[in-house]
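Protein chains: 2
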Amino acid sequence: MLKGFVGTVQRALINQRKCYASSSAVLARAYSTRPAADNRRLEIDTMSQEANRKINSVFAPPSVLANPMNVPVKLLMGPGPTNVSPRVMQASSNQMLGHMHAETFQIMDEIKAGLRYVFQTSNPWTLVVSGPGHLGMEAVLVNLLEPGDKVLIGINGLWGKRAVDLANKLGASPIPLEQETGKSISLDEIEQGLSKHKPKVLFLIHSESSSGVMQPLVGVGDLCRKHDCLFVVDTVASLGGVPFFMDDWNVDAVYTGSQKVIGAPPGLSPISFGPRAVEVIKTRKTLIKSYLLDMNELTIQWQCGDPSIPRIYHHTPPVNLFYALREALAELTEEGLENVWKRHAQAAARLHAGIHSLGLKLFVQDESDRLPTVTTILVPEGIDWKRVVQFLMEKHLIEIAGGLGPTVGKVFRIGLLGCNATPEKVDRVLQALKEGLEFAKLQGHL
Amino acid sequence: MLKGFVGTVQRALINQRKCYASSSAVLARAYSTRPAADNRRLEIDTMSQEANRKINSVFAPPSVLANPMNVPVKLLMGPGPTNVSPRVMQASSNQMLGHMHAETFQIMDEIKAGLRYVFQTSNPWTLVVSGPGHLGMEAVLVNLLEPGDKVLIGINGLWGKRAVDLANKLGASPIPLEQETGKSISLDEIEQGLSKHKPKVLFLIHSESSSGVMQPLVGVGDLCRKHDCLFVVDTVASLGGVPFFMDDWNVDAVYTGSQKVIGAPPGLSPISFGPRAVEVIKTRKTLIKSYLLDMNELTIQWQCGDPSIPRIYHHTPPVNLFYALREALAELTEEGLENVWKRHAQAAARLHAGIHSLGLKLFVQDESDRLPTVTTILVPEGIDWKRVVQFLMEKHLIEIAGGLGPTVGKVFRIGLLGCNATPEKVDRVLQALKEGLEFAKLQGHL
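Note that the protein sequences, when read in sequence, are chains A and B.
Residue 272 in the UniProt record's numbering sits at position 272 of the first sequence, and the numbers go up by one each step.
Residue 14 in the UniProt record's numbering sits at position 14 of the second sequence, and the numbers go up by one each step.
Keep in mind that a hint or two might mislead.
[Claimed, not checked] In silico DSS-like pairs for lysine-lysine, Cα to Cα no more than 25 Å straight-line:
hint : chain 1 : residue 1 : chain 2 : residue 2
1    : A       : K282      : B       : K282
2    : A       : K395      : A       : K410
3    : A       : K169      : B       : K282
[What the hints assert, rightly or not] Restraint-style ranges between C-beta atoms, simulated for each label pair:
hint : chain 1 : residue 1 : chain 2 : residue 2 : range
4    : A       : K198      : B       : P68       : 30 to 38 Å
5    : B       : S63       : A       : Y313      : 27 to 35 Å
6    : B       : P68       : A       : P275      : 45 to 53 Å
7    : B       : D427      : A       : Y313      : 25 to 33 Å
8    : B       : T286      : A       : P307      : 18 to 26 Å
9    : A       : K196      : B       : P68       : 26 to 34 Å
10   : B       : N168      : A       : R276      : 23 to 31 Å
11   : B       : N339      : A       : G336      : 30 to 38 Å
12   : A       : G336      : B       : P68       : 33 to 41 Å
Keep in mind the hints are simulated off the structure, nothing from the lab.
Keep in mind it's a predicted model, so treat the numbers as computed, not measured.
In this text, a Cβ means the ideal position worked out from N, Cα and C, and glycines have one as well.
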C-alpha cells in the first residue's frame, strides 16, 4: 500500500507533465507527503534534499488547541439552549453506535414514540431531522412548497420574517400576514388572509421567542380545512411547555427544537407530517430541493411506514444526540406531559409576579398572548440593558438575553425551559436581575 | 398568567364559533388542558364533568421509554462512524453553553484553526456546517450551483451518484464522468471531460467509501484553473487519514465528516471555501436555496471575515458536538498530521497483508487506487457475507460492513478511522474475520 501511495504520487506527476500544468510547489508538496505516509527508513533515506526540506513545510499545527477547553457550568435562563439534566448529559457521552445497528433502530423507534406523545399525534411520519430547529423549518417548507406556491406567513417577530426569507429562497410566493410585535394574530385576521389569498400553506409561529408571544392555535386548523390549506406550525420554543394537540387541532405539519423544553442538546429537530401534508409531498410535480431533508427518503431510514419494509441507509445521523433526545423524552414521559405543562405554567406565573414586584413591566400587554416559556420584560427607562445582561453573566454565570430582531434594545428575555422551569430557578434569576438592575442604575464598573 | 391561559382557550372557543368550525373534540381537548396547566384547586373543583373525563384523554405516554436505554460498547471497524476517544466522549457530556457566549466563540475559533490545519489551508471561510457530512455536500452544491449550471461529477461508486441526484434536485445540470466501480479516474479522462463539457464545477470524491477507492487529486486543481472551473472535493472518509493539501492542490471547496478520521461523533460537517469559490458565491444571480447553509450568513456567525465585524446570530448550533470536535482536533493536532497519516498508512498496510494471508483478495485491483481508511475485500465464493458480518457483531461486538450501492453483496468493508487505525485493532478485526469466515463455511447456527 505504501508503494501504492508513492505510485499514486509518481503517476500524478507524470500525468501532470502530460497536461502541462507542472507546479514546483505541487511537486515538492506531493513528494513531501511521502515520508509522512511512510514508515520505511530506506525510503526516507533515499528522498531528495528538497523533499526532506519540504516535510517541514506542512502548515504548522495551531497552538490554541494545546490549551484546555473552557466550558464553565452556567445557568441558562435565556430563550435556549437550556441546561440539560445529568441523565441527558450522561447519555450523550455514550460510545458511538452505527446508524444501522439494531440498538440504534430501537432508540429511533423509542424517539418516534416519545415524539408522537409530545406532539399528541398518531402520525406515522413523526421523526427527527439531523440538524437544529432551523433545519426543521427548512424541512417543512422544502418538502411542502413548490416554485410559485403561495404560503401565508404570520409575522409578529423575527421567526415569521425568517420563514418569508426562506420561502423566497425556495422560489415560493410568501404572503406576509403582519401583526404588531408583541401581539398574536386573531382568527378573524387569519380567516381574512385565507379568504383573500387562498394560499397552499398557512405558516404560524406558535412561540415567537423574539417577542414572547404565544399564538393561539385552537380553531385555526379548522379554518385551514375550510379553505383547503395546509396548516404548518413552528413550536420550537413552546413544545412540551404548553398544551399542543397536533391531531385534535388539525395541524398538518409541525417542527420543534431539541434544546428547549424537551431538554436535550441543540442539533436535532423533531418533526411530524399529517396525512394531508404527506399527500402533498407524495404528489409534488417538482423535485424536493434537498437530499438530507427529502421526507420520501428520510422516512425510510426512520421506518415511518410499514414496519415490514426494511430501513435503507440515507445518511449518518448524530447518534449521540439521539441518545440524549431519547433520555430527555424518557424524563418528560416519566413526569407526564400535563405535569410538565403545569410546571411551566406555574414557573411563568411565579416569574411574572416577581417581575411586577420588581416594578418592571412585561412587554406583551395581553395576558392571554404571553408565552410561558419565554418572557419578555421591558427595559426600564435609563437602564443600559447590556450592562444588566453582562452583570448576570459575569457575577452569577446566569444567562438572560436581550431582545432579538424587532425587540433588540427594548426587552430582556428570560426563558423557563425544561429543567429550568422551577420555582428555585425563577427565584435565582429574579434575585440576580434585581442586583443587575441596581448595578446598572449605579453605573458601577464590572 | 393562568387566567391568561384560560382566557386564551375561551377566546379561541368564541372565535371558533365565530368561524363556524366548532368541533366538540377540540372544545373538550382545549378545556381538558386547563387543569393540566392549572395549579389552583379551586378551578379544578369547578371544572365540568366532561373536562375531568377528558383530562385522561391526552394520548398515553409510550411504555417503551420506561425501559433503560441500551448502548453496548462496540468496536466500530466499518466505514464510520468510528469509536471516539475517552477525551472526546467526555467533552460531549459537558453542560450546554449559549451559542453567543464568549466561551463558545473561543471554541469555534479553535475549531476553525484546527480545521485549517487538517485541510492544510489558509482560507478564512473554513468552518462547520451544523449537520452530518451529507449536509456538507448540500452546502457546497447549494452555494456554488445556480439553476442550469453545469457540474462535472466523477462517479465510481455511490457518492458520485448521490451528488448527481442532489445537483438535479437543485436544478443544476450534472454531467456524469463515469468510471468502473473500484477504479479511480485518470487526469486524462478528467481533462477530456473538462474540455468537452466546460463545466462551472468539477466534483470529485476523494474517498469513495462504497468501493474503497482513493481518487488521486494532484494536478487536478491545475487542470481546473486551466479550464476556468471550480474544483470541489468530498473528503468525508479520508480527511486526516491521507495527505491532503487544499491550498497547494488548488482545491476550491472541500467538506468532510466529523465521525471518520477526525474521531468526533457524527453530526457536523467541516467545510472550506477558497477565494475563487467565495467570489462565485458573492456574485450569484439567484438566491441560495437554503438559509442554514447560506455561507453569506453562516460565515458571519463563525466570524470568518474581518474579526472586527461582530458575529450575528444565525442559528443555534449543536454546541456539545462542537466540544467533541474541538477535543478531537486537539488530539489530532497533538499527534501531528503527518503522524496520523503515517499511522493510517501503517494500519492499512498491516490489514492488507493480513487479508492476503487469510487467502482473501482486495476489491480494488490497482494498489495505487486503494483507500487506506476504508478497505474493500471480495466476498469469497460460496460465503454468505451477511452471516460473516452478523457473526462478528454477535460474537465479538465488532462492526464490519457489507457493500454499499454498486458493491452490495460483493465486498466486506473494513474501516481504519481515527483511534481505530492501530495494529491492535487491525489484529482484532482480522482474527474475528477469520473466525467469521470459518463459521460461515461450516454453515453453523449463531
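Okay, the hints, checked on the actual structure:
no.: 1; hint: A:K282 <-> B:K282; in the structure: 35 Å, violated
no.: 2; hint: A:K395 <-> A:K410; in the structure: 23 Å, holds
no.: 3; hint: A:K169 <-> B:K282; in the structure: 15 Å, holds
no.: 4; hint: A:K198 <-> B:P68: 30 to 38 Å; in the structure: 51 Å, violated
no.: 5; hint: B:S63 <-> A:Y313: 27 to 35 Å; in the structure: 29 Å, holds
no.: 6; hint: B:P68 <-> A:P275: 45 to 53 Å; in the structure: 34 Å, violated
no.: 7; hint: B:D427 <-> A:Y313: 25 to 33 Å; in the structure: 29 Å, holds
no.: 8; hint: B:T286 <-> A:P307: 18 to 26 Å; in the structure: 42 Å, violated
no.: 9; hint: A:K196 <-> B:P68: 26 to 34 Å; in the structure: 54 Å, violated
no.: 10; hint: B:N168 <-> A:R276: 23 to 31 Å; in the structure: 27 Å, holds
no.: 11; hint: B:N339 <-> A:G336: 30 to 38 Å; in the structure: 53 Å, violated
no.: 12; hint: A:G336 <-> B:P68: 33 to 41 Å; in the structure: 19 Å, violated
Hint compliance for this structure: hints 1, 4, 6, 8, 9, 11, 12 are broken, all remaining hints hold.
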